[in-house]
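Trainee: Here is what each chain is made of, one letter per residue.
Protein chains: 2
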Amino acid sequence: MLLSALLMSVGINSCLCVLFFILYSVLRKQPRNYEVFLPRRLAAGTSKRRRNKVARYIPSIKWIWKSWRPSEKELMESSGLDGVVFMRMITFSLKVFLFAGIIGVFVLLPVNCFGDQLTVIDYADWSANSLDLFSVANLKIRSPWLWVHFGAIYLLTAFVCCLLYFEFRYIALKRIEHFHSSKPQPHQFTILVRNIPSSDGSSVSDTVDRFFEENHLSTYLSHVVIHRTSKLRSVVDQAKKLYKQVKHKKPVKKTPMRFFSRKDTPEGHYERVLQELEQNIRLGQAEVSAPGKEVRAAFVSFKSRYGAATALHMPQSINPTYWLTEPAPEPHDVHWPFFSASFMQKWLAKILVVFACLLLTILFLVPVVLVQGLTNLAALEFMFPFLTFILSMKVVSQIITGYLPSLILQTSLKVVPPIMEFLSSIQGHICHSDIQKSACNKVIWFTIWNVFFATVFSGSAFYKLSVILDPKEIPVKLAVAVPAQASFFIAYVVTTGWTDTLTELFRVVPFMVSYIKRSFEPSDDNEFVVPPMRYHRDTPRVLFFGLLGITYFFLAPLILPFILLYFCLAYIIYRNQFMNVYAPKFDTAGLFWPMIHYTMIFSLVLMHAIAIGLFALKKMELATYLLVPLPVCTLLFNEFCRKRFMPIFTSYPAEVLTKRDKEDRNDPKMPEFYNNLVSAYQDPALLPLRFSGSRNDSLTSPLLSSPEV
Amino acid sequence: MLLSALLMSVGINSCLCVLFFILYSVLRKQPRNYEVFLPRRLAAGTSKRRRNKVARYIPSIKWIWKSWRPSEKELMESSGLDGVVFMRMITFSLKVFLFAGIIGVFVLLPVNCFGDQLTVIDYADWSANSLDLFSVANLKIRSPWLWVHFGAIYLLTAFVCCLLYFEFRYIALKRIEHFHSSKPQPHQFTILVRNIPSSDGSSVSDTVDRFFEENHLSTYLSHVVIHRTSKLRSVVDQAKKLYKQVKHKKPVKKTPMRFFSRKDTPEGHYERVLQELEQNIRLGQAEVSAPGKEVRAAFVSFKSRYGAATALHMPQSINPTYWLTEPAPEPHDVHWPFFSASFMQKWLAKILVVFACLLLTILFLVPVVLVQGLTNLAALEFMFPFLTFILSMKVVSQIITGYLPSLILQTSLKVVPPIMEFLSSIQGHICHSDIQKSACNKVIWFTIWNVFFATVFSGSAFYKLSVILDPKEIPVKLAVAVPAQASFFIAYVVTTGWTDTLTELFRVVPFMVSYIKRSFEPSDDNEFVVPPMRYHRDTPRVLFFGLLGITYFFLAPLILPFILLYFCLAYIIYRNQFMNVYAPKFDTAGLFWPMIHYTMIFSLVLMHAIAIGLFALKKMELATYLLVPLPVCTLLFNEFCRKRFMPIFTSYPAEVLTKRDKEDRNDPKMPEFYNNLVSAYQDPALLPLRFSGSRNDSLTSPLLSSPEV
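As they're listed, the protein sequences go chains A and B.
Each residue of the first sequence is one higher than the one before, starting from 1 at the first, in our numbering.
Each residue of the second sequence is one higher than the one before, starting from 710 at the first, in our numbering.
By construction, these hints were calculated from the structure, which means they are not laboratory data.
Please read all numbers here as calculations on a predicted model, not as lab measurements.
Even for Gly, the Cβ is constructed at its ideal location relative to N, Cα and C.
Mixed in with the good hints there might be a few duds.
Stated by the list, open to error - Derived, one-sided and incomplete: chain A residues facing chain B with beta-carbon distance under 8 Å:
no.	residue
1	E214
2	N215
3	A309
4	P647
5	E655
Said to hold, decoys possible - Straight-line alpha carbon distances no greater than 25 Å define the calculated BS3-like cross-link-like pairs of lysine-lysine that follow:
no.	chain 1	residue 1	chain 2	residue 2
6	B	K1352	A	K643
7	A	K669	A	K183
8	A	K350	B	K1352
9	B	K1371	A	K303
10	A	K662	B	K1012
11	A	K669	A	K659
12	B	K1368	A	K303
13	A	K174	A	K73
14	B	K762	B	K775
Using the sequences and the hints given, assemble the complete structure.
Mentor: Laid out in structure tokens, this is it:
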């Protein structure tokens, strides 16, 4: 790609940035857009709908200041530790790329520029210069200047590792602190038990009672057996929907009620329909609750956190596939539909999902190959000769090489997070947070593999396969292929990166949906949903730019300022969104951090592999050998971090649990808490519903709040 | 190798077998050999020293019958579950190779023989026929007979997997049963805690007390802090040795006592020396026990097994590298010297040991290359032309190709188990059984790698390295190289395998040592040691023959009868040794089984890889593709077994623990047991010693019994 094409991209996107910023500052002030841009504040009642007509149309940048201001403590209160972890990922990247950017722009870039491998830069005609002149490709074989790059790699690795260590420690401590400051919560006292063996003659409930009274007598409190309620749930959902419509006095569709007498008053009529539904639900509940219809799983609650942890950690049964324990999720976080899976089913589902992911990865090569065709205009002209005329127009060719490729890639990447979320949901996870964590992991690796590696290796599946099977050659092949794609990824950062954050700010899809909805039916003040943050969509995206920055750090330092700008944008915009848009849906207390840590380590090792290959290509034998200890040490460092911090992220230690238990002993609210605990894990579909008569109680009771709200 | 050379080998070794059997039956009846051949029965007092001179010199085979007879229960009582597991490994192999042998000899061998790839067998001159005529190499490319091999591979895999499943289940149940029937033992109530953090001002003992009283109040009983006693231990050992000499009224070497008055009676003199030593030890003990000199580790005992398990499984500290818990070994199994290692030291030691093992593997290639030179006479003649005359003699060449190679390999393999045991001992394991387990694992992989792969790939280190780095080629390379070594491994089974078991029976080294000892000093009835079984030496050996049998099952079925014979010999001889020679030194309750299981799975997958390569070479595309699911399924089966059975081998489940605890509640002996528990884990070097005065007490007290006895 030529410098002019890059400048074109930067130009288009800078303009878009300014445009969107201005548009946003105006649009967010329009009362009817509050539901899209400020749903959180609207729900909290802190944002009054202003009627001042003039100020509403004047663009301002006050919102930037507002999203800059809040401290981490305030963020913690409003978005939980997960929000803090997400923001710390961005500040961590900012620190890394500030450091890398200074080295890259002020040391590596000049060194690269004054190399003489390629043609000397013609300062009169910048636009004609290839971006390769700014990359390490411009240094000759055995050039002593390469030692500068060598030093820079060691320096950056040391810096990132130090930062990773302190960050991991900080978040681990925050996690403990968060636990200490939390109120007693049902999931702290509860575990989920699966694969309860069937004992002849007695129900699941009796079996659970007998087992835990025998083996954990001193701490066992109560349990809730899980039922197969998928069918019932659909009836309940239907009833709720109907009730909502009735409540808002909307015309109910006539079809199901045509058979009832038409002479009723509308109220009397709805009342009767609801009674009918209620009756149906009650029958369904009785049927589902009947003995023999249970799933062989139960939520078991204990008198103390220590007791729950004891039962959680200890192997329970002589047959280790029975009485499997896992920590219970928060009650509103439970993913009810997938409890029926047995040990074997879960295991097979996992294997199937792995295969599905592999298949998706291979299918996804189609758009990647398409993108690669676009960056290579000559190949495109060769394949489609009739395009020659259009492609010969300078503007068209620059737009095509500079903008279109990443746009296509970007659009097809949009579908990946929902697919991965679906795959994770059928894998047998018991709660929404686990599903998101698992999906996040999948999306990270999918992005790295399908965007980075597939692009680098020009999208040939067979080529990729041969590389896996020949690991010795990997560094050299990477060192040949990765620098060749530098210009593509610089364009990718400028286009995808920048527009991504702006789309996030602008909430394009919800905005359009809300606009269309409003055009068809009048707005209803009470009926809007505060959306949850989709970590599995945004975390991999941010991490991928970190990976790009680290791998291209010494290859093409020109990428660094753009990446730095991306993280600045992301910092402002995500803070704004956490404050105004997203409400936390669950609280994993920072469980996303280890994933971020591992991805960073992977980025470092990938950089080392490329560096080793590059130094081998440049015939710097000594430097090549001196680089080998670096990935080894990085992996050992990672192993150390894993041993040092990971246990805190899997479960809370005895020390912390007993301390909290002791504090509770003097709490006068505990008896009430224990009373609620017994029923906290009731399946919402099995709770008594009462629509008829009073219209405003049951639906708003806390136990009925569906996880989507 | 020619058939005649093989027959030569078989001849020599059959003669040796008969000779050794006869010799053994005579030698074991000689009273002065009882200490070598029947130490166990001698120690138990069940073998009286017969004086009947005539019967002593008549060979008999009664001992075979005697070692055949005992049931598994009797074996369990005399040698523990570990002995049973070892014997079950042999019976398992017998079953596998009986099945494989029937298929191999009656189906595969005829199919191979009547192939026509190589020259037709000249029935008149058997001795001139190459062994390759009996192998799969004799079948033509695309021969339909290869489908017989295909079926045989599937059949054997299914058979072995079924057997493995039932065996794993059987041993897991035995383990639980063994626990149920065991008396209350200190290690069931105790855990080892390492990396106790230093809190300023208080001793380790106080820190432990405070921590466990705070976090495990209801179950905590007591603790024993560990001290750094390596120096003290050497003094104690010296004293014990001296005391033993005195006790047996042997002349004590004069050197250390020359400075004392010479006019004493011998008794008075020794008494004084012992008093001196006692004084020294007491001073040393006081010094070591002083506060601030402790190792930051302690044995912590609990009131119940359930309590100990709770503390064992639960993460303890906010910093996961502190308060590390692991199950305590049996008191007499503790390996005292290596308690000083910290978390980091242990980790680094582990990494270092891995590197040491790698180095050893590379160094070991020297004898392997030498062996390979011998099987290849032409190469040898080329390298050392002066040998041509000797090598041209038929007998010499047959001995060299048939017998010498495996003898050299064998001898150099003898040094591996002790080296591996040493490496494992510095790795930071806390007990002798863990050290043996770890050493056993190392020896298994070392044997497979250095005997199997190094031989197969002709001992070139660089060649081997290139194979790892090119995994796609592995099956084909194996399929070329493995069948080529068939004759070597057949000879290996006949020579090494058979003589190995005979050496085991004959206890060559101890026998010679005892003989030499007796020639120099008159025998002393009370001074013999019942040796422990060295599982890390014998298990890998037996397993390796299993691996050979499985991999060569379809390549060269001629190996199977010899392997079957080997296992028959091993069955008789090891049973005999368990009854008469080895006393159990520790009780891991079957922890060696998982290793055996994994090695079998590895053998199967290796066979599949070779088969895939072979079918690819024979251009059987369909068969090649149809074989690919087999290793995948085998690995999935292994994963299932791991999930299903492994947890039982890592710790006992709550169900079992509470049941035993309940039984104990009514046991009148428990208060006494708790009293002993408090001091069970005292370091023997710190116990009060009293030599002077009474001569027959302290040394025989159970707490002083050193782990070697």
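Trainee: For every hint, state whether the structure bears it out.
Mentor: Hints versus structure:
{"no.": "1", "hint": "E214", "in the structure": "6 Å, holds"}
{"no.": "2", "hint": "N215", "in the structure": "5 Å, holds"}
{"no.": "3", "hint": "A309", "in the structure": "6 Å, holds"}
{"no.": "4", "hint": "P647", "in the structure": "4 Å, holds"}
{"no.": "5", "hint": "E655", "in the structure": "6 Å, holds"}
{"no.": "6", "hint": "B:K1352 with A:K643", "in the structure": "23 Å, holds"}
{"no.": "7", "hint": "A:K669 with A:K183", "in the structure": "11 Å, holds"}
{"no.": "8", "hint": "A:K350 with B:K1352", "in the structure": "14 Å, holds"}
{"no.": "9", "hint": "B:K1371 with A:K303", "in the structure": "22 Å, holds"}
{"no.": "10", "hint": "A:K662 with B:K1012", "in the structure": "22 Å, holds"}
{"no.": "11", "hint": "A:K669 with A:K659", "in the structure": "17 Å, holds"}
{"no.": "12", "hint": "B:K1368 with A:K303", "in the structure": "22 Å, holds"}
{"no.": "13", "hint": "A:K174 with A:K73", "in the structure": "11 Å, holds"}
{"no.": "14", "hint": "B:K762 with B:K775", "in the structure": "22 Å, holds"}
Hint check: no violations occur; every hint is consistent with the structure.
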